[in-house]
Amino acid sequence: MSATAVHSLWTTAGGVTSAAPGDKFTAPTIEYAQLAPVLIVVGAAVLGILVEAFVPRRARYTTQVLLTVVAIAAAFAAVVGLAADGYAGENANIAAMGAVAVDGPALFLQGTILLVSMVSVFTFAERRLDPASHGNRVDSFAAQAGSVPGSDGEKAAVKAGFTTTEVFPLALFSVAGMLVFPAANDLLTLFVALEVFSLPLYLLCAVARRKRLMSQEAAVKYFLLGAFSSAFLLFGIALLYGYAGTVSYAGIAHVVDGTVQQIDPALAGTMGNDALLLIGGAMLLMGLLFKVGAVPFHMWTPDVYQGAPTPVTGFMAAATKVAAFGALLRLLYVVLPGLTWDLRPVMWGVAIVTMLGGAIVAITQTDIKRLLAYSSIAHAGFILAGVIAASPEGVSSVLFYLGVYSFVTVGAFAVVTLVRDADGEATHLSKWAGLGRRSPLTAAVFAVFLLSFAGIPLTSGFSGKFAVFKAAADGGAGGLVVVGVVSSAIAAFFYVRVIVLMFFSEPKADGPTVAVPSPLTMTTIAVGVAVTLVLGLAPQYFLDLAGQAGVFVR
Amino acid sequence: MENLIALLVAAPLLGAAVLLCGGRRLDRAGHWIGTALAAASFVTGVVLFTDMLGRGAEDRALHQHLYSWIPVEGFQADVAFQLDQLSMTFVLLITGVGTLIHIYSIGYMEHDERRRRFFGYLNLFLAAMLILVIADNYLLLYVGWEGVGLASYLLIGFWQHKPSAATAAKKAFLVNRVGDMGLSIAIMLMFTTFGTFAFGPVLGATGDTSEGKLTAIGLMLLLAACGKSAQVPLQSWLGDAMEGPTPVSALIHAATMVTAGVYLIVRSGAIFNGAPDAQLVVVVVGAVTLLFGAIVGCAKDDIKKALAGSTMSQIGYMILAAGLGPIGYVFAIMHLVTHGFFKAGLFLGAGSVMHGMNDEVDMRKYGGLRKYMPVTFVTFGLGYLAIIGFPGLSGFFSKDMIIEAAFAKGGTEGWILGSVTLLGAAITAFYMTRVMLLTFFGEKRWQPDAEGHEPHPHESPKSMTIPMIVLAFGSVFAGGFFSIGDRFMHWLEPVTGHDHGHAPVSAATVTAATMVVLVIGVAIAWAMYGRKPVPAVAPRGSLLTRAARRDLLQDDFNHVVLVRGGEHLTRSLVYVDHTLVDGVVNGTAASMGGLSGRLRKLQNGYARSYAVSMFGGAAVLIAATLLMRAV
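Chain order of the listed sequences is A and B. Each number in the numbering used here corresponds to the 1-based position in the first sequence with 621 added. Each number in the numbering used here corresponds to the 1-based position in the second sequence with 13 added.
Hints in this document: simulated from the structure, not taken from any laboratory. Incorrect hints may appear among the rest.
Within a straight-line C-alpha distance of at most 20 Å, the following computed SDA-like cross-link-like pairs (lysine to any residue) qualify [as the list claims (entries may be wrong)]:
| id | chain 1 | residue 1 | chain 2 | residue 2 |
| --- | --- | --- | --- | --- |
| 1 | B | Lys475 | B | Arg128 |
| 2 | B | Lys457 | B | Pro546 |
| 3 | B | Lys545 | B | Gly424 |
| 4 | A | Lys832 | B | Tyr619 |
| 5 | A | Lys1129 | A | Arg1058 |
| 6 | B | Lys614 | A | Arg1058 |
| 7 | B | Lys378 | B | Arg544 |
| 8 | B | Lys545 | B | Arg458 |
| 9 | B | Lys614 | A | His1049 |
Quantities reported herein were computed from a predicted structural model and do not represent experimental measurements.
Build the full structure now, drawing on both the sequences and the hints.
Next up, the structure:
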């Protein structure tokens, strides 16, 4: 093999700039300003690691919280700045040598992810719910994640007042990955982003202070199944590369459309082979459906949601879904629009079983966190209905739904952290009986969230569901809307059942107590309620915002 | 000048708001505030009236657009008023009689600790009634329509501590709902037919509309009128409504609100003119009711209920006249106005009698009161002469014209209607003479009540007698004033139109016939109640008398047909609900629960099973994608 051939192969695999043999290697150009949100978060995460290493233990918690909050706020400001510069509209472009898109959907989703992460981080930082142990205030995370549950080492760590402040940089890394995920414009960036946000999540799942064995089991399951799905995704990427000779979204789209510019001689045997395209596309889809928790790739969801520390569950349920649906939208709208008619029936099937499966299995759940997990599966189905619409309205309705749903989810899980008994959070539903008599405000707030999940008018859930179903119906998926409405009816049953349980059952004598949180968790819950009511009563401004952000750059 | 129109409504509305929200501190001054604002509305009406007289007949109507109520594309509802001659007539009647009755109530309700609230409700009634008659579209008219219904309900049940009053209020409300439904359906039909609710466009476009649609709208409007004006078959509430304080009976259930149905039909004249079938139903309803009410009025011993039967009957005359079309519209309204005077006067007289008789209402326990209550006797007597149509008094002119118009309808129909109205006039003379004789003549028959209090009949205070005197003037002179030179006809004609019809007999013949039946009616009553003493306990009476005492079995009919029928319907619906609907619902729920329980088992907690599920899912996904391409 000659040096030229090697060089050619190298550049082709490296990016879309298919330099002719013999050209000089040019350094990649990076538009730092356009990538500022991601860079800020990654920088803060790296800084957080240094804080762990160098800042004294006593000051670490405060430093980390401050650093995280400031970083997220700065990143959000950067997103707003980019949007104000027109990157969400006419100035949309592709940065970093074709790796990252800076356009309306990307900025909208990044903004959503950052805001949701902000309120999630507030619940991470909550230290008033658990009683202080050995004079130290504790949060939801294990004193020392590495210690064996129940061992002497663990007891010593608790006694010493250790805390796992690493959760903050971990969360930041995860957020960074999530920011890139919906903006990724080539398959390798997509994969890297996926791993960047998943790996910290696996770790975060394992570090619960209470019920540590369950937490670790959840983390292992999540990790195993996540790795399994990543393998599918990676295999799909390989097949698509074989099909198109490039990993760039635009490049693949050109091959699918038949407007390919040049055929790579090394791949002449496979390029344009539709079997590769279809199989690769399906596997890629599967990897993303795993992340959004669609049936039948949803089995991890209930176990992981239940086992993970509740603040992490809230973060995961909200932010992951936003990022993964963002990537799914971009994949379907930019890479595979030519395949719409091939993939549509399959997506129909997935959406239907997801909506019905989530709603039906939720009926018999007895644990509030598992109930919310199945509810999130059903909601993934509803969002898929909007994704299938294959129209600009479909995109904007999904964007709106994601924004709505993520705040309500974080708020709901934040309420779950408040209801406690001697063993920590009292998540079994029987313990929630009569909560409305004892703590009317908490129960009422939770009822608002449940009504929003159920999509009752005047809550944001209704606006979102209406937008999605309308887009789906206009996009020719009327049948899907019928199934969606039926599923909503089934889902309303178990949401309302919890409300009935809270308000119309006699409280038990040994029932749980509702802890009074610090302003941090209160803010999270208040934001959730505010979003629920504002977007339920006057959704138009935000619908317009999502509508303007609905065009992908290509 | 048109900006004053809103003031008509605003004054009493303000009064209602102040009196009902003001609380106890207004208890002392409440009745003065209420009366002053009613009077302010009357003065505004008079000013507008003078102004209107200064303009030519064709440009007398005024419009005032307040604001857009429901501005939706394709659905325009405005709060806008229209004051034309027809509305003006009502405005003066409502505010004039209304103000007099406010004054009367100051004395009548003096000992009632909730007097402030009473005046608040009266003001509320005035505001709603004024909205009803000056609205320039049917939707706003409906607001007033419901408003007077509410005020009527509140005032009938004003003494809600009495179960009979509470029940009567409920009954009035429920029966009125049936009529209100008719009005709302009529409005919806108008919207689908004409695309608007405003009087101008709707009534101007009737010429291009099919008769079927006009008939449907007309019948629904008639249903509404039946409810509000207590016409057969929705008449049953009016007798019970006498449970309310007597000023209420005088104002709402005699002079104004119950005539709203007549207003509605006359106002919608263009619709009825294009729907002869609907008009026929209107005259039938009017004819039946005028006899129904008159017969009931003959048998009642309760003075207010006898007068209520009379009200029903007189409104039957008006409805009949309105159903005659352009021949009768003017006379319907004229009789409405004169009736407003003498019937309000009669009720106030009845109230005055009760005031002096410890609230006794049974006429068999009155007798010989003319010596004790001279003013009441004279004013009541003048009202009596007016209603029976004594020559020269108000009722003589207005009723006579309706009878003439009925004959002028022509053909067999004209003869039948004419005879019915003549018969009605005879019965009217009979029962009113009976009331008069029982109350003011003969021996005194009153006895101590259950607690041993002997009644001491006495004349009422000035605040009560002055309104009675004023109304008596109206009862005597209004008819003649309106009729001489056909003043009223020329006044109203630009709005309602007029047609002389084809009278088969001359006007003089009709008048003579009326005089004959009048004398017959009075003579029979004199023979039965004037010549011989009246038993203090009612004799058993004939079958007809007994039926009439039970309001010609109206409640029995309603009970058997509507209440029992409704109960059966409800029971069968409940049965279907329990077995069929609940069965399906519970069955679905149970099957969903079962399915859920079974699916749940798939979630066994083993990562390996989850991985298998994912693998299977991926395989299906890929296979399905490939299959789609193959197909």
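When you check the alpha-carbon spacing of Lys614/B and Arg1058/A, does it fall within 20 Å? 34 Å, violated
Just to be careful, I want the Cα atoms of Lys614/B and His1049/A compared with a cutoff of 20 Å; is the pair within it? Since the Cα atoms of Lys614/B and His1049/A sit roughly 19 Å apart, the hinted pair holds (cutoff 20 Å).
Does the alpha-carbon distance linking Lys378/B and Arg544/B stay inside the 20 Å limit? 17 Å, holds
Restraint check for Lys545/B with Gly424/B, where alpha carbons must lie at most 20 Å apart: 44 Å, violated
So if I understand the rule, the pair passes when the alpha-carbon distance is 20 Å or less; does Lys1129/A with Arg1058/A pass? 11 Å, holds
Sort out whether Arg458/B lies within 20 Å of Lys545/B, counting only the CA atoms. Satisfied, since the Cα-Cα distance of roughly 14 Å is no more than 20 Å.
20 Å Cα cutoff - pair Lys832/A, Tyr619/B: Holds, because 18 Å separates the two Cα atoms, which is no more than 20 Å.
Taken at face value, is the distance from the CA of Pro546/B to the CA of Lys457/B at most 20 Å? Given pair Lys457/B, Pro546/B holds - Cα atoms ~10 Å apart, limit 20 Å.
Checking one constraint from the list: CA of Lys475/B to CA of Arg128/B, max 20 Å. Satisfied? Distance ~18 Å between Lys475/B and Arg128/B Cα, so the pair holds.
Hint check: violations occur at hints 3, 6; the rest are consistent with the structure.
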